[in-house]
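Protein chains in written order, with this note's numbering: chain A, 1 to 116; chain B, 117 to 228.
By construction, these hints were calculated from the structure, which means they are not laboratory data.
There's no promise every hint is true.
Said to hold, decoys possible - A short, non-exhaustive set of chain B residues, derived as facing chain A with CB atoms under 7 Å:
| hint | residue |
| --- | --- |
| 1 | K165 |
| 2 | Y166 |
| 3 | A170 |
| 4 | G221 |
Said to hold, decoys possible - Here are the computed lysine-lysine pairs in the DSBU-like style, where the Cα-Cα straight-line distance is at most 35 Å:
| hint | chain 1 | residue 1 | chain 2 | residue 2 |
| --- | --- | --- | --- | --- |
| 5 | A | K71 | B | K227 |
| 6 | B | K227 | A | K62 |
| 7 | A | K11 | B | K215 |
| 8 | B | K165 | A | K78 |
| 9 | B | K227 | A | K11 |
| 10 | A | K11 | B | K185 |
| 11 | A | K83 | B | K194 |
| 12 | B | K227 | A | K44 |
| 13 | A | K44 | B | K185 |
| 14 | A | K15 | B | K185 |
| 15 | B | K158 | A | K44 |
| 16 | B | K158 | A | K11 |
| 17 | B | K165 | A | K11 |
| 18 | A | K44 | A | K83 |
| 19 | B | K158 | A | K71 |
As the list claims (entries may be wrong) - Estimated spans, in silico, between C-beta atoms of each pair:
| hint | chain 1 | residue 1 | chain 2 | residue 2 | range |
| --- | --- | --- | --- | --- | --- |
| 20 | B | T167 | A | K78 | 42 to 48 Å |
| 21 | B | T171 | A | G28 | 45 to 51 Å |
| 22 | B | T167 | A | G3 | 21 to 27 Å |
| 23 | B | P195 | A | P61 | 43 to 49 Å |
| 24 | B | K227 | A | S18 | 43 to 49 Å |
| 25 | B | N157 | A | K15 | 22 to 28 Å |
We put the beta carbon where it would ideally sit given N, CA and C, even for glycine.
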Amino acid sequence: EAGVAQSPRYKIIEKRQSVAFWCNPISGHATLYWYQQILGQGPKLLIQFQNNGVVDDSQLPKDRFSAERLKGVDSTLKIQPAKLEDSAVYLCASSLDARANTGELFFGEGSRLTVL
Amino acid sequence: AQSVTQLDSHVSVSEGTPVLLRCNYSSSYSPSLFWYVQHPNKGLQLLLKYTSAATLVKGINGFEAEFKKSETSFHLTKPSAHMSDAAEYFCVVSDWGNKLVFGAGTILRVKS
């Protein structure tokens with residue numbers, strides 16, 4: 001079974017530039033998550049989709065971050081303009097259906113962003 | 117609000133000796149608790165989970181954890197460490213809807 005795919009794996013940009021990350025979840029998974037993991041910290045949820053609807057985006061900095069999940073499959077996370085503090089690993093995860101609350105998420109390998 | 121505190125940022129053990137990674141949680145509800153593992157350049161993987169059934173939970177690769185409500189703890193143990201156990205381990209709490217709150221992580225180093 002193919003896992004969660006993310007790209008690019010690494011990205012270096014200057015502050016005030018924009019960047020986009022792409023995620024392809026496991027086939028059939030209804031719920032998709034984007035997490036931000038800053039060095040030395042645990043992952044923090046940015047946004048959670050159920051199919052193509054947003055369930056929780058309370059911790060997404062909406063003035064600069066946006067995310068979409070068109071057709072309830074792939075998702076894109078965009079940052080514009082980037083700040084130095086956005087340097088982190090952006091993790092995408094998926095699960096069968098969050099309403100089952102199994103806690104079992106399947107994570108991709110992450111996209112590491114460095115903002116200079 | 118839910119939270120978890122991992123009491124050690126780094127743990128170092130010798131191969132073949134026991135492993136203990138400590139976690140305390142705070143939750144207003146009857147929580148679900150998990151341990152996830154992250155090997156270098158790999159995605160996070162679920163190690164084990166507690167969801168109000170047996171208080172002693174067994175996971176993959178010989179790991180287990182015990183839920184102690186009176187101590188609000190969910191420590192991770194393994195009787196004998198293997199070199200392949202070297203990784204970062206995250207204690208996680210959730211109340212509903214797969215909304216996971218991660219601890220800061222414990223890096224486990226295994227010496228030969």
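Next item in the hint list is G221 (chain B). Is there a CB on chain A closer than 7 Å to its CB? Nearest chain A Cβ about 6 Å off; hint holds.
Decide if the proposed pair is consistent with the structure: K227 (chain B) and K62 (chain A), CA atoms, cutoff 35 Å inclusive. 45 Å, violated
Straight-line alpha-carbon gap K158 (chain B) to K44 (chain A), limit 35 Å: Judged against 35 Å, a Cα distance of about 18 Å means the pair holds.
Using the Cβ atoms, figure out if P195 (chain B) sits within 43 to 49 Å of P61 (chain A). The hint (43 to 49 Å, Cβ to Cβ) holds, given that P195 (chain B) and P61 (chain A) are roughly 44 Å apart.
Holds or violated: K227 (chain B) and K11 (chain A), Cα atoms, limit 35 Å. 33 Å, holds
Holds or violated: are the alpha carbons of K44 (chain A) and K83 (chain A) at most 35 Å from each other? 17 Å, holds
Okay, K227 (chain B) versus S18 (chain A) on CB: inside 43 to 49 Å? For K227 (chain B) and S18 (chain A) the Cβ distance comes to about 44 Å; the hint holds.
Given the hinted pair K11 (chain A) and K185 (chain B), is their Cα-Cα distance within 35 Å? 43 Å, violated
Is K165 (chain B) close enough to K11 (chain A), meaning Cα to Cα at most 35 Å? 34 Å, holds
Are K83 (chain A) and K194 (chain B) close enough, with their CA atoms no more than 35 Å apart? Violated, at roughly 41 Å.
In this structure, is the beta-carbon distance linking N157 (chain B) and K15 (chain A) contained in 22 to 28 Å? 27 Å, holds
Pair hint outcome, K71 (chain A) versus K227 (chain B) [Cα-Cα no greater than 35 Å]: This hinted pair is violated, its Cα atoms lying about 48 Å apart.
Hint compliance for this structure: hints 2, 3, 5, 6, 10, 11, 14, 20, 21 are broken, all remaining hints hold.
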